[in-house]
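So the sequences go chain by chain: A and B. For the first sequence, the positions run 41 to 155 when the working numbering is used. For the second sequence, the positions run -2 to 109 when the working numbering is used.
Just so you know, the hints here were simulated from the structure itself, not pulled from any lab data. Careful, some of the hints might be misleading.
Stated by the list, open to error - Which residues of chain B face chain A? A few of them, derived with a C-beta cut under 10 Å, are:
id : residue
1  : Val1
2  : Gln3
3  : Met4
4  : Val8
5  : Leu10
6  : Phe31
7  : Tyr33
8  : Glu39
9  : Gly40
10 : Gln42
11 : Leu43
12 : Gly75
13 : Ala88
14 : Ser98
15 : Phe99
16 : Gly100
Just so it is clear, the structure is predicted and the values come from calculations on it, not from any experiment. Just so it is clear, CB atoms sit at the ideal spot from N, CA and C, and this is done for glycine as well.
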Amino acid sequence: SAVISQKPSRDICQRGTSLTIQCQVDSQVTMMFWYRQQPGQSLTLIATANQGSEATYESGFVIDKFPISRPNLTFSTLTVSNMSPEDSSIYLCSVEGSGDNEKLFFGSGTQLSVL
Amino acid sequence: GNSVTQMEGPVTLSEEAFLTINCTYTATGYPSLFWYVQYPGEGLQLLLKATKADDKGSNKGFEATYRKETTSFHLEKGSVQVSDSAVYFCALVTFNDYKLSFGAGTTVTVRA
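Looking at chain B on its own, in the form it has when it is part of the complex (with noise of 0.2 Å):
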């Protein structure tokens, strides 16, 4: 079956810092890689996607690159701002299943 994981939080950052969340997956057939973020209060948002390997989804300053050698989907921003607190999923689905398989979430927090 399908599965993500994900590296555990809390991450507890200065603002400016660099962010890495790690995300490794298995799955049954060639997937689609998302990274979704919950901030405080909110919905689920869709942060950036890849449909490909070597293909890199960005967004807000967010990248990940869809790496199929290493089955990995990792999520980096090279400043982050007290705006970008928030719990970060990483996710997968494959074609044939159109079902979204979560990792456990991140709790990112950036301090002014």
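Next up, chain A with everything else stripped away, as it sits in the complex (with noise of 0.2 Å):
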């Protein structure tokens, strides 16, 4: 199994400021992904950041807006920029399990509340 360390665990944040998340993963892996938990809501996907290469973003959300960095096997960061009350949420980073595309483990999330 894979242990996922995600930090800032919380922030608190002034509007139109930037946050930069981190998670740094205990093993190498292909590929990490970025989601998202608004309030009451359930996960949706950001972004998948693979190594060597652009984070592909889903629908709905764009590089400027949450830019991401990949630099190496066994670790992401993402940034929420221009933070507005509406990012307020949990953003959950994510990977594959090692040798089992199957199976992916979550980091315990940093709950972003944005004033």
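Two chains, two frames, a set of hints: combine them into the complex.
Below, the structure written as structure tokens:
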């Protein structure tokens, strides 16, 4: 199984600022995924991040708003840019289990509140 | 595309009651099916999974059977405990996609 460390675990931010969320995995993984869980709703995939290439964004999400870095096989960051209260959500990093592409592991999430 | 329809909550039960959370899906391709659980204040955890028709996933007393004919993956537990209070998410992934599609989540509260 993969162990994922995600930080910060929570933050309260001012409107117009940006926050970078870090995701560290204890093993090398090809694909990393970033999800958003808005209050009272299910998880929505933001983007898929592969090492060495640009992230692939889902409909409704753009790179300018959610830039992603993937510098190596164990680390990724998601930035929430120019935040507004509508960005208040839990953001989750996810990876495939090593050698098991049917199982995805999740970080504990970053609870973001934008004032 | 892929989608998951999950029984709406919230669901409130007494301890030792029987729990069922319905989940149906549509998928392009042959999906693997999952139930994830989110306990209060914690991150998302995989509860159980099934990867082919008629497979039964089980964990912590929970079970779900992959029914291809009815495109369903209902979660059941025969006798719930207070510690089972959580939000439960049904999800699927298709082999050529790797992207999990989640249901809306069902909040379950078990009272002593």
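ask   = Was the hint right that Glu39 (chain B) lines chain A, CB cutoff 10 Å?
value = Hint holds; Glu39 (chain B) Cβ to chain A Cβ min 7 Å, cut 10 Å.
query = Taking the closest Cβ pair, is Val1 (chain B) under 10 Å from chain A?
reply = With a closest approach of 8 Å, the Val1 (chain B) hint holds.
ask   = Does Met4 (chain B) meet its interface restraint, that is, does its C-beta lie within less than 10 Å of any C-beta in chain A?
value = Result: violated, 13 Å to nearest chain A Cβ.
request  = For the hint on Val8 (chain B), just tell me whether its beta-carbon gets within less than 10 Å of chain A.
outcome  = violated, 15 Å
query = Should the hint that Leu10 (chain B) touches chain A count as held when the rule is a Cβ pair under 10 Å?
reply = Cβ of Leu10 (chain B) sits 20 Å from chain A, so the hint is violated.
key: Minimum beta-carbon distance criterion (10 Å), Ser98 (chain B) to chain A   = holds, 8 Å
Interface hint for Tyr33 (chain B), Cβ within 10 Å of any Cβ on chain A = holds, 8 Å
inquiry  = Min Cβ distance, Phe31 (chain B) to chain A: is it shorter than 10 Å?
reply    = holds, 8 Å
query = Taking the closest Cβ pair, is Ala88 (chain B) under 10 Å from chain A?
reply = holds, 8 Å
request  = Classify the hint on Gly100 (chain B) as holds or violated, based on whether any CB of chain A lies nearer than 10 Å to its CB.
outcome  = holds, 6 Å
key: Closest C-beta approach of Gln42 (chain B) to chain A relative to 10 Å, hint status   = Check passed: Cβ of Gln42 (chain B) comes within 7 Å of chain A, closer than 10 Å.
task = Closer than 10 Å between Cβ atoms is the bar; does Phe99 (chain B) clear it against chain A? Give me holds or violated.
result = At 4 Å from the nearest chain A Cβ, Phe99 (chain B) passes the 10 Å test, so the hint holds.
Checked against the numbered hints given earlier, this structure breaks hints 3, 4, 5, 12; the rest are met.
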